[in-house]
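Novice: Please take these sequences and the hints and turn them into a complete structure.
In order, the protein sequence lines correspond to chains S and F. Going by the numbering used here, the residue at position 43 of the first sequence is 41; the numbering climbs one at a time, nothing skipped. Going by the numbering used here, the residue at position 72 of the second sequence is 70; the numbering climbs one at a time, nothing skipped.
No lab work stands behind these hints: they were computed from the structure. If you're wondering where the values come from, they're calculated on a predicted model, not measured in any experiment. Ideal Cβ placement from N, Cα and C applies to all residues, glycine included. It is possible that part of the hints are untrue.
[Said to hold, decoys possible] Per label pair, the in silico range of CB-to-CB distance: (1) R149(S) - A142(F): 34 to 42 angstroms; (2) T218(S) - E233(F): 35 to 43 angstroms; (3) R119(F) - R248(S): 25 to 33 angstroms; (4) G198(S) - N8(F): 38 to 46 angstroms; (5) P57(F) - V207(S): 16 to 24 angstroms; (6) F143(F) - A166(S): 30 to 38 angstroms; (7) S141(S) - R149(F): 27 to 35 angstroms; (8) Q237(F) - P29(S): 49 to 57 angstroms; (9) K116(S) - E55(F): 14 to 22 angstroms; (10) S141(S) - A250(F): 39 to 47 angstroms; (11) P150(S) - A166(F): 50 to 58 angstroms; (12) E233(F) - Y146(S): 25 to 33 angstroms; (13) A203(F) - A166(S): 57 to 65 angstroms; (14) R248(S) - P29(F): 32 to 40 angstroms.
[Said to hold, decoys possible] From the derived model, a few chain S residues whose C-beta atoms are all more than 10 angstroms from chain F: (15) V14; (16) A87; (17) P199; (18) P256.
There are 2 protein chains.
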Amino acid sequence: MCELLGMECNVPTDIVFSFSGLRQRGGKTAPHADGWGLALYDGPVARVFLDPDPAVESPLARFVAENPIKTLLAIGHVRKRTRGPVCVANTHPFVRELWGRHWVFAHNGTVEGARKKKLGRFRPLGTTDSEHACCLLLGALDSAFPGYPRRPTELWQAVAELGGEIGAGGTFNFLLGDGRHLFARCATNLHYLVRKAPFGPATLADDDVRVDFSELTTPTDRVAVVATRPLTTNEVWTQGKPGELWVFDRGALRATLPSVAKPTPRARRSA
Amino acid sequence: MCELLGMECNVPTDIVFSFSGLRQRGGKTAPHADGWGLALYDGPVARVFLDPDPAVESPLARFVAENPIKTLLAIGHVRKRTRGPVCVANTHPFVRELWGRHWVFAHNGTVEGARKKKLGRFRPLGTTDSEHACCLLLGALDSAFPGYPRRPTELWQAVAELGGEIGAGGTFNFLLGDGRHLFARCATNLHYLVRKAPFGPATLADDDVRVDFSELTTPTDRVAVVATRPLTTNEVWTQGKPGELWVFDRGALRATLPSVAKPTPRARRSA
Chain S
-1 MCELLGMECN VPTDIVFSFS GLRQRGGKTA PHADGWGLAL YDGPVARVFL DPDPAVESPL
59 ARFVAENPIK TLLAIGHVRK RTRGPVCVAN THPFVRELWG RHWVFAHNGT VEGARKKKLG
119 RFRPLGTTDS EHACCLLLGA LDSAFPGYPR RPTELWQAVA ELGGEIGAGG TFNFLLGDGR
179 HLFARCATNL HYLVRKAPFG PATLADDDVR VDFSELTTPT DRVAVVATRP LTTNEVWTQG
239 KPGELWVFDR GALRATLPSV AKPTPRARRS A
Chain F
-1 MCELLGMECN VPTDIVFSFS GLRQRGGKTA PHADGWGLAL YDGPVARVFL DPDPAVESPL
59 ARFVAENPIK TLLAIGHVRK RTRGPVCVAN THPFVRELWG RHWVFAHNGT VEGARKKKLG
119 RFRPLGTTDS EHACCLLLGA LDSAFPGYPR RPTELWQAVA ELGGEIGAGG TFNFLLGDGR
179 HLFARCATNL HYLVRKAPFG PATLADDDVR VDFSELTTPT DRVAVVATRP LTTNEVWTQG
239 KPGELWVFDR GALRATLPSV AKPTPRARRS A
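Specialist: If you want it as structure tokens, here you go:
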């Protein structure tokens, strides 16, 4: 399996603290040593750092941890391979351009059934079921809308429905970013918290690091953090329920939507 | 304007020597200080390092220069802005997925006329004429072929023709990679060399660095390097002619094709 990390904020924030915790799970405190990736948005564009080496040993991961880049939206991943060999092509997150912006996707779980579904305009570069699912999801959005939806709630609903469809019969915990929102779907295991005033200290679960956010923030700052497992030991994390999609925007949880497959006509008849 | 760097090899090679020279032109020996980027292919996938800061000062550029990553195909760029502000979105090279592989594009010059042409499936993320031209070129390839052409020469011809069409009336020096080939179009200024046995020493034009490639290579190695201006002082570089496209594959120049706009029917009649 793998572990996910997402961050979505109302002021540019660096992800160094959370990434330092995730990095430890890439071969030290957890066995997700088959590569790591981190996407940092700058407007509609994501800069992506990818490395098939273990995050805990990777010089590039050390560089990212030591050279903070501020962003409003970030998606990270440490991989423990289940499908597809260890290589750059199979390293999450995956990125595609749609409607003139980058879409970034990372997955935890397996959705082998997704491979049987027909792809739209996007094709995988590697061999994971995860990237196939990413291409399915973005291809379906491309088919469903002529451009970025004017009413964001239409997009949220579409992502929720597609998450349910593609994840049916598999384990489809995912993070998806479009430069405006962070979408986070829980299938089995996902947690979030929103840091806001009054800020206090936080201590990493996986490393001997403590930060007092009251020294680094202003009273209006809000930072939502999503992770497979809580990254800190002294903060309250909310656990996701299977089949729900969170939508984060400007550092707040804007919506929680059901993200489950609709019953097929036959199933409905037999119910 | 900007400066381009491409490398295409028959054995995995790091680009540190050439990139070290290019980096100096990003603010020290030349004024291309408005960002830099470097794409390093791993099979069909490009890892891309982007930074809107001057290459000569950038910690990420230093990291890339100090942590060699071997590759068969690389495309780099240092920017001196002419169109579009300095930001990540406007930093070359640009990347899109087409036919299940990454296509990487970097440009030197201006092609303002390209903005009037209708885009295909790819949309720009930023505001440069360069990225618009990239999207035009890849969109036209997508329309012209149902998938990656079986006969590579059909692809080479298409890239040559599209280079001529999109570049008509502008200055369209570009590098394009597809993970198999390096395409290099000369409009005004482009040079290449192929390093092969017998290897010898090379000295950078922009930094006090000398490498003896005979100590680092085997007799069958071949490395093609393309740059806006020669990067070394003691090697023979071949200068491109305006309107020609070079195609490099496995470290060798495989084809030189005319890349000029076809005369329109009216022009043909009046000739």
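Novice: Please go over all the hints and tell whether each is borne out by the structure.
Specialist: Checked hints:
At roughly 36 angstroms, the beta-carbon separation of R149(S) and A142(F) lies within the given 34 to 42 angstroms, and the hint holds. T218(S) and E233(F) have their C-beta atoms about 58 angstroms apart, which leaves the hinted 35 to 43 angstroms range violated. Here the CB-CB span from R119(F) to R248(S) is close to 31 angstroms, well matched to the stated 25 to 33 angstroms. Look at G198(S) against N8(F): about 58 angstroms separates their beta carbons, and that is not inside 38 to 46 angstroms.
Taking 16 to 24 angstroms as the suggested C-beta distance range, the pair P57(F) and V207(S) conforms, at roughly 21 angstroms. Between F143(F) and A166(S) the Cβ separation comes to about 34 angstroms, which falls inside the hinted range of 30 to 38 angstroms. For S141(S) and R149(F), the Cβ-Cβ distance of about 31 angstroms falls inside the hinted range of 27 to 35 angstroms, so the restraint holds. In this structure the hint that Q237(F) and P29(S) lie 49 to 57 angstroms apart at CB holds, the actual value being about 54 angstroms.
Restraint check, K116(S) to E55(F): a C-beta distance of roughly 48 angstroms breaks the suggested window 14 to 22 angstroms. Distance hint check: the CB atoms of S141(S) and A250(F) are about 42 angstroms apart, consistent with the given range 39 to 47 angstroms. At roughly 41 angstroms, the beta-carbon separation of P150(S) and A166(F) lies outside the given 50 to 58 angstroms, and the hint is violated. Checked against the hint of 25 to 33 angstroms, the pair E233(F) and Y146(S) fails, with Cβ atoms roughly 49 angstroms apart.
The hinted window of 57 to 65 angstroms between A203(F) and A166(S) holds, with their beta carbons roughly 59 angstroms apart. A hinted range of 32 to 40 angstroms for the beta carbons of R248(S) and P29(F) is consistent with their spacing of about 39 angstroms. With a cut of 10 angstroms on Cβ distances, V14(S) stays outside the contact zone with chain F, its closest approach being about 14 angstroms. The beta carbon of A87(S) is not kept farther than 10 angstroms from every beta carbon of chain F, the shortest such distance being approximately 4 angstroms.
Every CB of chain F is more than 10 angstroms from the CB of P199(S) (nearest about 29 angstroms), matching its label as outside the interface. Look at P256(S): its CB is around 31 angstroms from the nearest CB on chain F, clear of 10 angstroms, so calling it non-interface holds up.
The structure fails to meet hints 2, 4, 9, 11, 12 and 16 from the earlier list, while all remaining hints are met.
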